[in-house]
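There are 2 protein chains.
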Amino acid sequence: MRIAVIGTGNVGRTLAGGFAARNHEVVIATRDPGETAARDEYAAWAAAHPSVELVAFADVSDAEVVANAVGGKVCLEALAQVGAGLDDVVLLDLSNPLDFSAGYPPSLFVKDDDSLGEQIQRAHPGARVVKSLNTLNFSLMVDPEDKLGETTSVFLSGDDEAAKDVVRGLLTEFGHRDVIDLGALSTARGTEMWLPLFMRVAGALDTLEFNLRIVRS
Amino acid sequence: MRIAVIGTGNVGRTLAGGFAARNHEVVIATRDPGETAARDEYAAWAAAHPSVELVAFADVSDAEVVANAVGGKVCLEALAQVGAGLDDVVLLDLSNPLDFSAGYPPSLFVKDDDSLGEQIQRAHPGARVVKSLNTLNFSLMVDPEDKLGETTSVFLSGDDEAAKDVVRGLLTEFGHRDVIDLGALSTARGTEMWLPLFMRVAGALDTLEFNLRIVRS
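These protein sequence lines are chains A and U, in that order. Quick note on this note's numbering: the first sequence kicks off at 700 and runs consecutively. Quick note on this note's numbering: the second sequence kicks off at 700 and runs consecutively.
Hints are supplied without guarantee of correctness; some may be wrong.
Stated by the list, open to error - To spell it out: a stretch of chain A is covered by chain U in this simulated footprint if at least three of its residues, at any positions, have a beta carbon under 8 Å from a beta carbon of chain U; those stretches are:
1) 810-821
2) 875-888
3) 905-911
Stated by the list, open to error - Anything over 12 Å on all C-beta distances counts as not near chain A; from chain U, calculated:
4) ALA736
5) HIS748
6) GLY770
7) ASP811
8) ASP864
As the list claims (entries may be wrong) - Partial list, computed: chain U residues near chain A (C-beta under 8 Å):
9) VAL809
10) ARG888
11) GLY902
Since the hints were made in silico from the structure, they are not lab data. Computed from a predicted model, the values in this text were never measured in an experiment. Backbone N, C-alpha and C define an ideal beta-carbon position, used for all residues, glycine too.
Model the full assembly from the supplied sequences, consistent with the hints where possible.
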């Protein structure tokens, strides 16, 4: 598939590398490609991933899947810059509405009766938004069982069933074997509100390398 | 220990029965004992648990541990009625701030920058509040592995370390083998905000008989 990853941080690079390793056609997008390319951390990653082209947000076009991997606070603005628009695109949204302005742990700037996933959908009514992978650290998004040693759970929220099937396929390629479809996009309120517990478990365990497994009888 | 369970619903009866089976001295408290005793569901349970005395909220006294097992919306009022006061009592708080007024799934009437656990602590500054067991269905609170077949996780939040040790001991007696101490009582904001995801997982799986396991590398 033709996949554009929006954001060149840990999450964006992890996804772009994971998709490229599975033979998808991948671009990674940033606000200012010149500035990003000059950063040592990005340059080292880019040298190891020569098939992934770096483009400006405004130059993203022809993608079948766009992955939103920029920070929650700035992602609406970043997505507004995506050039060809997001109509009919499967928009895999990994964002969380984290507000670090009062320190750690962060609070949420959208919650409970709305979600950032729904805000993105309202801003781009033609996009096929699927919330997923916002519940675990970037280091566990690809091949999670290599690090955790057992199957853990990830979630899907979205109003477009075919788009959820596309994302489910990509998650399966990444090695996720327990993908729970929560239903409509409004269920993203649930996964986004997992973050306050996630952050406190991270503090207690002193690691971000954990995930939840939904154990049922 | 002398344990008073506040609330005679599913949660209260499960706890009271579990504590009594482990040879604690247990009373179960309700607003109107005459009304509660006349209910068929309660009467059947009471017949099977003759050692558990039914008392009015106002007649609770001499308890070392008080378990708050009434609904979130009414628990502050119920706790205000507890007769002997809650000074120096280990107050095991299982409540969640669920608001069903707009239907299912419920929203939360306290969240993010406060928690119901902290509200209870502020209302009873002498109590030693420990939030726990608010993250799973009543049917899994005692002997969880009998139904789930593997170890799952529960949490502790509280400002009094000795009180948390008491609760940890009770959880261990109940068969919980992964008890994660999240830290201060303010971390109850995290476990209370798990409920929106819990409710949506319950909807997707069509069961309340599940729990999360925190899988770490």
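Hint by hint, here is what the structure shows:
no. : hint    : in the structure
1   : 810-821 : holds (count 3)
2   : 875-888 : holds (count 6)
3   : 905-911 : holds (count 5)
4   : ALA736  : holds, 32 Å
5   : HIS748  : holds, 24 Å
6   : GLY770  : holds, 18 Å
7   : ASP811  : violated, 5 Å
8   : ASP864  : holds, 16 Å
9   : VAL809  : violated, 11 Å
10  : ARG888  : holds, 6 Å
11  : GLY902  : holds, 7 Å
In this structure, the hints that do not hold are numbers 7, 9, in rising order.
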